[in-house]
Amino acid sequence: MIQRLILLVLLLALTACSTTPLKPWERGHLAERSMAWEPDPLAAQLDEHVYFSKEASSGGAGTGGGGCGCN
Amino acid sequence: MMRLLTLLAGLMLAGTAMAVDVGQLAPKLDGPRLMYEQSISLDELKGKVVLVDFWASWCGPCKMSLPEFETLKQELVAAGNPDRFEILAVNLDEQPEDAKRFLRRYPVSYPIISDPEGRLPTRYNVPTMPTSFLIDGDGVVRWVHEGFRNGDTELFRTAILKLLEQ
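Those protein sequence lines, which keep their order, are chains V and G. Here the first sequence is numbered in this note's numbering, starting from 47 and rising by one per residue. Here the second sequence is numbered in this note's numbering, starting from 2 and rising by one per residue.
Check before you lean on any hint, since a few could be wrong.
[Said to hold, decoys possible] In silico lysine to aspartate or glutamate, DMTMM-like type, Cα no more than 25 Å apart, as pairs:
1. V/K69 x G/E155
2. V/K69 x G/E98
3. G/K101 x V/D93
4. G/K64 x V/E94
5. V/K69 x G/D84
6. V/K69 x G/D31
7. G/K64 x V/E78
8. V/K69 x G/D153
9. G/K64 x V/D86
[Claimed, not checked] Restraint ranges, calculated between C-beta atoms of paired labels, are given here:
10. G/M36 x V/R50: 56 to 62 Å
11. V/L54 x G/N151: 49 to 55 Å
12. V/L92 x G/G24: 52 to 58 Å
13. V/L56 x G/E118: 30 to 36 Å
14. G/E166 x V/V55: 53 to 59 Å
15. G/E71 x V/T66: 32 to 38 Å
I should point out that these hints are in silico values taken from the structure, not numbers from a laboratory. Quantities reported herein were computed from a predicted structural model and do not represent experimental measurements. The C-beta atom is built at its ideal place from N, Cα and C for all residues, glycine as well.
Generate the whole structure from the sequences, applying the supplied hints.
Quick look at the structure:
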């Protein structure tokens with residue numbers, strides 16, 4: 047009975063192997079520039095500058111704190 | 002019944018194979034060369050200290066390591082070790098053309114195996130990119146280095162020279 051139970055648990059555990067993580071050498075596509083959160087850092091910085099200037103939230107987007115909005 | 006349980010437990014552990022470790026015999030390494038219409042294997046370099054380097058053009062630290070390895074090779078050859086040391090690189094770009102473009106910018110003189118299917122890193126169970134294995138004249142792995150950071154060239158030089166002196 048116990049053995050059958052162990053077998054069942056092991057078999058169930060094996061069903062969880064449906065996804066296998068990428069190997070380190072398979073990350074070529076993930077390393078592409080277009081996959082980055084901010085593909086163009088300069089453009090992102092400009093956008094952020096416009097954002098915190100308009101919103102008067104010096105420190106930029108996503109950061110707590112206020113500001114004079116004078117820049 | 003117990004056999005079945007052992008088999009299942011073994012199957013569950015199959016995904017956690019360890020990287021090739023120091024003291025182990027280096028697995029077979031062969032394949033077509035990236036820049037030439039010929040093939041090369043690690044066996045051909047038996048008797049030499051060989052630095053096996055797994056890299057790809059999309060890997061950031063590899064942009065730093067390749068020129069450093071080339072300088073190191075030239076330096077060791079100039080120091081009188083042309084027949085005792087070699088670098089054998091394995092390129093893992095899915096598109097070999099990407100690697101060729103990279104090499105036009107950062108040319109190297111050592112042989113490079115092209116392995117777009119990732120057959121060889123599976124054999125060596127490469128833990129990260131880049132990873133280098135220093136192999137002695139008997140084909141035994143003597144040093145493993147993961148990644149590449151500023152100043153690592155010195156570690157490579159020390160390890161290689163130590164092995165050449167033995």
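Inset, instruction - Mind listing which of the numbered hints don't hold for this structure, in increasing order? - result: Per hint list: 1, 3, 4 and 5 violated.
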